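Chains as they are written, first to last, in our numbering: chain A, 1 to 480; chain B, 1 to 480; chain C, 1 to 480.
In case anyone wonders, no lab produced these hints; they're calculated from the structure. Some clues are possibly wrong.
[What the hints assert, rightly or not] Stretches of chain B that chain C covers, calculated by requiring three or more beta carbons in the stretch to come under 8 Å of a beta carbon on chain C:
#	region
1	39-49
2	164-175
3	213-220
4	281-291
5	317-331
6	388-400
[Stated by the list, open to error] From the structure, some residues in chain C lie toward chain A, with a derived Cβ separation under 10 Å:
#	residue
7	Val-46
8	His-48
9	Ser-52
10	Gln-101
11	Ala-104
12	Ala-148
13	Leu-168
14	Asn-206
15	Val-291
16	Val-329
17	Phe-332
18	Thr-334
19	Phe-373
Just so it is clear, the structure is predicted and the values come from calculations on it, not from any experiment. Note that the Cβ used here is the ideal one computed from N, Cα and C, for glycine as well.
Single-letter residue listing:
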Amino acid sequence: MGGLLLLVQGGFLGAAQAAVDKAPKTLSETSKECVACHKKKTPGIVQHWGGSKHYRANVGCYECHKADAKDKDAFIHDGKKTKVHISIIVSPKDCAQCHEQENAEFAASHHSKAGRILGSLDNLLAEVVEGNNGMVTAGFPEGVSAAAVNGCWQCHGSQVKVLKDGELDPATWPNTGIGRINPDGSEGSCTACHARHRFSVAQARNPENCGKCHLGPDHPQKEIYDESKHGIQFYANKDKMNLDRPKWVVGEDYDAAPTCATCHMSATPKQPVTHDVGMRISWNNRPPVSVRPEKADAKMGLPGKDVPWDDRREAMKDVCTNCHNGDYVDAFYTQYDGLVTLYNEKFAKPGLALMALTKPLLKPAKFSNRIDFVWFELWHHEGRRARHAASMMGPDYTHWHGTYELAKNFYSEFIPELEELVREGEHSGDAAKQQAAKALQAKIDEVLNSRDHRWYLNKMDPQEAAQRKKAAEEFKARYK
Amino acid sequence: MGGLLLLVQGGFLGAAQAAVDKAPKTLSETSKECVACHKKKTPGIVQHWGGSKHYRANVGCYECHKADAKDKDAFIHDGKKTKVHISIIVSPKDCAQCHEQENAEFAASHHSKAGRILGSLDNLLAEVVEGNNGMVTAGFPEGVSAAAVNGCWQCHGSQVKVLKDGELDPATWPNTGIGRINPDGSEGSCTACHARHRFSVAQARNPENCGKCHLGPDHPQKEIYDESKHGIQFYANKDKMNLDRPKWVVGEDYDAAPTCATCHMSATPKQPVTHDVGMRISWNNRPPVSVRPEKADAKMGLPGKDVPWDDRREAMKDVCTNCHNGDYVDAFYTQYDGLVTLYNEKFAKPGLALMALTKPLLKPAKFSNRIDFVWFELWHHEGRRARHAASMMGPDYTHWHGTYELAKNFYSEFIPELEELVREGEHSGDAAKQQAAKALQAKIDEVLNSRDHRWYLNKMDPQEAAQRKKAAEEFKARYK
Amino acid sequence: MGGLLLLVQGGFLGAAQAAVDKAPKTLSETSKECVACHKKKTPGIVQHWGGSKHYRANVGCYECHKADAKDKDAFIHDGKKTKVHISIIVSPKDCAQCHEQENAEFAASHHSKAGRILGSLDNLLAEVVEGNNGMVTAGFPEGVSAAAVNGCWQCHGSQVKVLKDGELDPATWPNTGIGRINPDGSEGSCTACHARHRFSVAQARNPENCGKCHLGPDHPQKEIYDESKHGIQFYANKDKMNLDRPKWVVGEDYDAAPTCATCHMSATPKQPVTHDVGMRISWNNRPPVSVRPEKADAKMGLPGKDVPWDDRREAMKDVCTNCHNGDYVDAFYTQYDGLVTLYNEKFAKPGLALMALTKPLLKPAKFSNRIDFVWFELWHHEGRRARHAASMMGPDYTHWHGTYELAKNFYSEFIPELEELVREGEHSGDAAKQQAAKALQAKIDEVLNSRDHRWYLNKMDPQEAAQRKKAAEEFKARYK
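Please build the complete structure, drawing on both the sequences and the hints.
Structural data, given as structure tokens:
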């Protein structure tokens with residue numbers, strides 16, 4: 001285990017502890033000038049900074065916001081005595097001046113790549129289906145979708161556009177999406193979690209922090225955490241969490257409850273903190289069919305391609321065993337794996353196969369067919385909820401928001417919609433469609449007659465039915 | 001800006017600070033008698049009061065509950081030595097004895113008028129569709145709907161009915177709805193926010209307080225706040241909020257986070273606190289198509305009709321700039337306005353026009369047609385969620401609970417229902433219906449062929465399609 | 001009232017205060033050995049225990065985990081110096097060694113019987129509709145449903161299977177479901193609420209604790225509490241709740257707010273704490289039609305069959321009156337009863353009658369018909385939400401998640417599905433089905449023409465219509 005952990009650490013976290021510049025002895029004159037004015041103009045952020053470690057280390061406004069004259073977004077702040085270049089956005093590249101290792105870990109994570117969704121077809125929803133080109137700004141003379149600007153981009157990150165004099169296009173900023181594509185080309189936004197300008201590590205360790213994005217119908221991790229025993233303990237014992245301790249090693253600095261950070265990022269007696277949040281997860285539950293994380297990393301060209309899922313699982317187990325015995329943890333994983341497999345085999349794979357056959361029978365524009373939404377929610381919403389909830393022991397989300405909704409929509413929406421497509425194809429008078437309808441019907445029949453689905457046709461295996469009846473009778477007999 | 005703020009303040013908040021009666025030197029004998037008995041009977045409320053500012057100012061039970069013998073709801077409390085008239089309900093008129101300015105501001109707000117919905121047709125839902133006349137009380141011998149009593153009225157306020165001896169009809173009380181219509185004719189309920197009997201201003205500043213009503217499918221402001229950076233900061237820093245400071249000026253008394261009160265009501269270095277919650281909002285997102293708040297105020301005969309939205313926006317910006325630079329705030333408003341416009345133009349206006357044409361084709365009773373619910377939720381639930389969430393920077397609600405649901409239901413429920421109505425009309429054999437069906441079909445065609453919707457017919461502007469493809473390719477090229 | 005309370009207490013709580021074994025003077029040698037090793041292996045739980053009352057009373061690991069060699073799940077922990085038998089699960093029978101009265105109360109409650117659902121047909125959902133036999137473990141060689149394992153069982157409790165050497169089958173453990181069926185035959189899991197290994201009573205009094213199970217679409221008590229005035233007060237005043245006081249008598253030890261425990265379990269000046277959570281509820285809102293709790297208890301063979309609902313209501317009123325006057329409480333119950341009656345009469349009874357007539361017209365497998373889900377959610381989800389929310393004064397859940405959804409789905413899903421079944425039956429060419437269709441149509445007509453539903457046919461009683469119109473006009477006249 002020690003060896004495994006070493007491997008994980010050695011993988012790409014192994015860079016020597018970032019060479020932190022020595023803290024300045026006094027606050028720079030330029031920063032003093034910033035503060036003098038902003039103390040009146042925007043007192044809140046000056047106070048935030050005044051309560052931060054940056055203040056105590058004489059890292060002021062200018063130290064972070066300074067820019068090179070050649071930087072795309074550099075400008076000279078009007079009215080300042082000291083004519084220096086600054087930029088509005090402090091990018092991960094800027095933070096890396098002092099926080100090199102954190103930046104390297106973050107850059108290797110899916111978090112920093114969240115903005116890449118903007119170039120994907122998923123974008124179709126926000127840009128076309130929900131949106132239009134009605135929002136015209138200097139940076140988007142042809143218009144851009146306000147649904148993307150106010151929705152997707154706020155979590156995933158915008159591609160920031162610089163106008164004249166360092167001004168940022170208002171469609172692309174304010175934006176603290178974790179995968180923001182910055183004027184300097186860097187990907188990410190440290191302020192997504194370490195918010196303005198206190199940079200409080202305590203705040204970042206609170207579950208609400210992750211809940212800015214990890215919530216809602218498609219990945220309700222915050223809601224699941226809240227209903228789990230872990231969340232229950234957190235809210236009852238928040239005052240015992242020592243959230244502001246620099247070291248914050250689970251089992252040493254606190255033991256009342258884990259937060260999101262504890263399990264996915266923070267230090268244990270055996271592991272250092274990491275800013276690559278995928279290093280302890282053993283399933284990637286994002287796609288229609290769950291895959292191992294190294295496959296997802298490989299697809300994105302990330303170094304995690306060389307860190308197999310079982311090493312990551314060991315790293316997570318190392319967290320668990322601070323409070324749970326090894327047998328307990330192993331048994332938990334048996335349960336979780338069981339749920340992922342159930343979802344993959346019963347719903348995801350048949351669903352994908354069926355959807356593939358619908359193509360010739362659908363209207364051509366994606367999301368112009370009702371079934372597009374039904375299938376999308378099956379895997380993207382309900383299927384994820386079930387899997388995420390099982391991973392975090394939230395039974396309500398596993399069942400009622402997960403497998404129950406999956407089954408309800410699979411049988412009472414998806415199958416009927418498919419059957420309707422078959423009917424329409426059959427009556428289309430178009431030979432190609434009739435052929436496609438036939439193929440689809442054959443697949444429907446195959447799926448519904450399979451072991452997992454034949455109950456629906458009232459063809460439950462007689463042996464299984466007898467066994468179910470017997471079990472129920474035996475169970476009831478205990479209470480007579 | 002100073003001038004603008006002055007205007008807002010001068011508008012109708014300008015009454016001299018309420019003439020607060022001098023606090024009594026000792027607690028009245030009558031109140032002492034109340035306390036002596038209630039200390040045993042209802043210890044909780046006596047303790048609440050004992051922890052309140054009222055206690056410290058010798059404002060006791062009788063000072064607030066005293067009544068004139070002629071008051072509709074006046075009665076003499078059984079068994080009291082001191083035979084004085086009291087009433088159960090302490091109305092805003094009663095509170096105004098000391099809190100004159102707060103009452104004046106409140107009386108000018110939509111909050112105090114929330115009970116007026118009871119006389120509107122919206123009422124149809126709770127009284128007829130969901131309810132019946134099954135709940136018979138002394139005040140409602142013909143019966144009243146328990147869905148209205150337990151639902152609508154608890155947020156909007158009941159019209160309190162007085163039975164004999166000051167007794168209140170149980171269908172109308174207990175009730176703390178913010179627009180309650182009181183026996184003395186006044187509108188409102190201060191206890192809606194300043195709860196029994198501690199009247200704690202700290203409690204009223206907590207987001208949960210507003211969340212009694214401002215939550216749920218139709219206006220989830222509490223949920224949106226919770227997921228916003230503002231909420232994240234609040235929950236992480238609640239102990240730094242100084243919520244119990246009398247003055248509570250943002251940037252002076254606290255800076256960790258804003259709560260609902262901070263932005264909509266509380267003092268800034270430049271603005272006093274106001275109990276007219278609409279004075280800082282620049283869109284009224286309640287109706288199907290968003291309007292400016294002065295229009296909504298004019299419709300209700302409120303003094304706010306003379307306070308234009310841009311003055312209100314300036315008042316809000318004054319709050320924002322305690323922590324955000326002016327450019328940031330301006331850019332935020334560009335984003336928010338963009339979302340409101342997108343919703344108004346793409347969904348609300350076409351939806352209204354289409355619904356207007358369905359009338360001859362629908363069953364006559366409102367909500368007896370499936371499309372009644374579909375359209376109602378489009379604007380009343382999903383459309384509001386998108387707009388409210390954009391206003392408060394909650395991307396999950398803007399997108400997943402907002403524009404995504406809007407689009408999904410517009411294209412996969414609303415349009416198909418309309419098309420079904422057309423089909424039914426065409427086959428009705430009724431000339432008027434056939435005519436109506438034709439008109440509706442023409443409008444459907446017009447909407448679907450418009451710039452915002454033609455993607456649905458696979459008629460996306462080739463230029464736009466090419467541009468989308470190019471953008472995606474360029475985006476992906478960055479990562480090769 | 002005193003008499004009534006006495007009766008409740010005397011009923012089956014009357015066992016003399018549990019004979020608590022004298023606390024040991026020192027920690028046992030065996031427990032010391034456990035601690036010595038687990039301090040390193042699982043530091044968190046040792047720290048939890050170190051903060052517990054058990055620690056202070058020298059009740060250590062072995063005192064709770066000790067087992068008899070004959071116990072099904074007994075095993076000798078490898079590598080221990082002291083070769084003693086222990087078991088992983090500490091069952092209510094084990095806790096009862098010291099906590100006899102708590103155990104007796106708990107054993108009489110529905111909580112302890114939650115596992116019995118596993119033998120019911122409700123199980124069909126998780127085992128068959130949502131699940132499959134894909135999860136194979138040593139204890140389930142024929143496979144078991146991962147949806148049941150990760151979903152239902154985690155709240156309701158698993159039937160724990162013991163493998164060799166005290167090992168527990170991973171499909172059945174980890175499991176803290178409150179009705180867990182333990183290897184020793186006992187029912188329940190104290191750790192469901194009193195979590196590992198701090199056993200903190202303060203934590204158990206937090207609303208989040210109950211929210212592990214009492215939340216979600218089918219019984220959102222946690223969400224309702226959170227939006228109620230009670231929850232608002234709790235979150236604003238958590239620091240004044242004295243949650244860790246041993247006695248914790250409402251009105252004496254705290255008065256800021258009630259939590260779930262306050263109303264359903266904890267002590268008042270007149271009542272002791274009880275672990276039978278049903279002793280203060282006057283409606284059982286679990287089934288399709290609400291029943292009185294003594295009927296539900298009788299059905300399960302529980303001693304509560306002899307405690308009538310009005311006695312239980314008096315017990316609850318005793319809690320309420322610590323902060324509310326008796327009139328207030330009585331009027332609240334008028335409102336709540338009104339809502340239960342509205343639901344029962346308008347939706348539940350007609351719904352049941354209609355569903356009974358659909359049987360010959362449905363596909364035979366339960367949940368293979370869309371209407372199975374529609375009806376299930378009407379009573380199991382929406383109907384419960386309305387009733388639970390009225391019971392706890394949460395207007396948003398009463399209305400929007402309750403009666404609104406009920407009405408929407410009754411009229412726009414349930415009725416149309418029934419009508420479709422009629423049409424299909426009529427055209428089936430099968431005489432039995434045609435007969436059934438006729439009977440169903442007659443019932444639909446009867447229901448829709450009844451007083452509660454005729455508005456749907458635009459047949460509102462002219463008198464009622466006139467009255468509604470008049471009321472609206474009078475109401476509006478006030479504001480001209």
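Now for the hints, and whether the structure bears them out:
Given a C-beta distance limit of less than 8 Å, the hint that chain C covers the region 39-49 of chain B holds, as 7 residues qualify and 3 suffice. Only residues whose C-beta sits within less than 8 Å of a C-beta in chain C count toward coverage, and the region 164-175 of chain B has 6 of them, enough to reach three; the restraint holds. Restraint check on the region 213-220 of chain B versus chain C: 5 residues with Cβ-Cβ distances below 8 Å, three needed, restraint holds. Counting residues of the region 281-291 of chain B whose C-beta lies closer than 8 Å to any C-beta of chain C gives 0; at least three are required, and the coverage claim is violated.
Under the rule that three or more residues need a Cβ within less than 8 Å of chain C, the assignment of the region 317-331 of chain B is violated, with 0 such residues. Note: the region 388-400 of chain B has 0 residues with beta-carbon separation from chain C under 8 Å; the three-residue rule is not met and the coverage is violated. Hint on C/Val-46 holds. Least Cβ distance to chain A is approximately 9 Å, under the 10 Å limit. Proximity of C/His-48 to chain A holds as hinted, the smallest CB-CB distance being about 6 Å (cut-off 10 Å).
The beta carbon of C/Ser-52 is not positioned within 10 Å of any beta carbon in chain A (closest approach about 12 Å), and the interface hint is therefore violated. Because the beta carbon of C/Gln-101 sits about 24 Å from the nearest beta carbon in chain A, more than 10 Å, this interface hint is broken. Evaluation of the C/Ala-104 hint against chain A yields a violated restraint, the C-beta minimum of about 18 Å exceeding 10 Å. Because the beta carbon of C/Ala-148 sits about 9 Å from the nearest beta carbon in chain A, less than 10 Å, this interface hint is met.
With a least beta-carbon distance of about 7 Å to chain A, the hint placing C/Leu-168 at the interface is held under the 10 Å criterion. Interface hint at C/Asn-206: satisfied, since its Cβ lies 5 Å from the closest Cβ of chain A, which is below the 10 Å cut-off. The beta carbon of C/Val-291 comes no nearer than 20 Å to any beta carbon in chain A, farther than 10 Å, and the hint placing it at the interface is violated. For C/Val-329, the interface hint is violated, since its Cβ never comes within 10 Å of a Cβ in chain A; the closest pair sits about 29 Å apart.
Look at C/Phe-332: its Cβ only gets to about 28 Å from chain A, farther than 10 Å, so that hint breaks. Proximity of C/Thr-334 to chain A is violated relative to the hint, the smallest CB-CB distance being about 32 Å (cut-off 10 Å). For C/Phe-373, the interface hint holds, the least distance from its beta-carbon to any beta-carbon of chain A being 5 Å, beneath 10 Å.
Violation of the numbered hints given earlier is confined to hints 4, 5, 6, 9, 10, 11, 15, 16, 17, 18; the remaining hints are satisfied by the structure.
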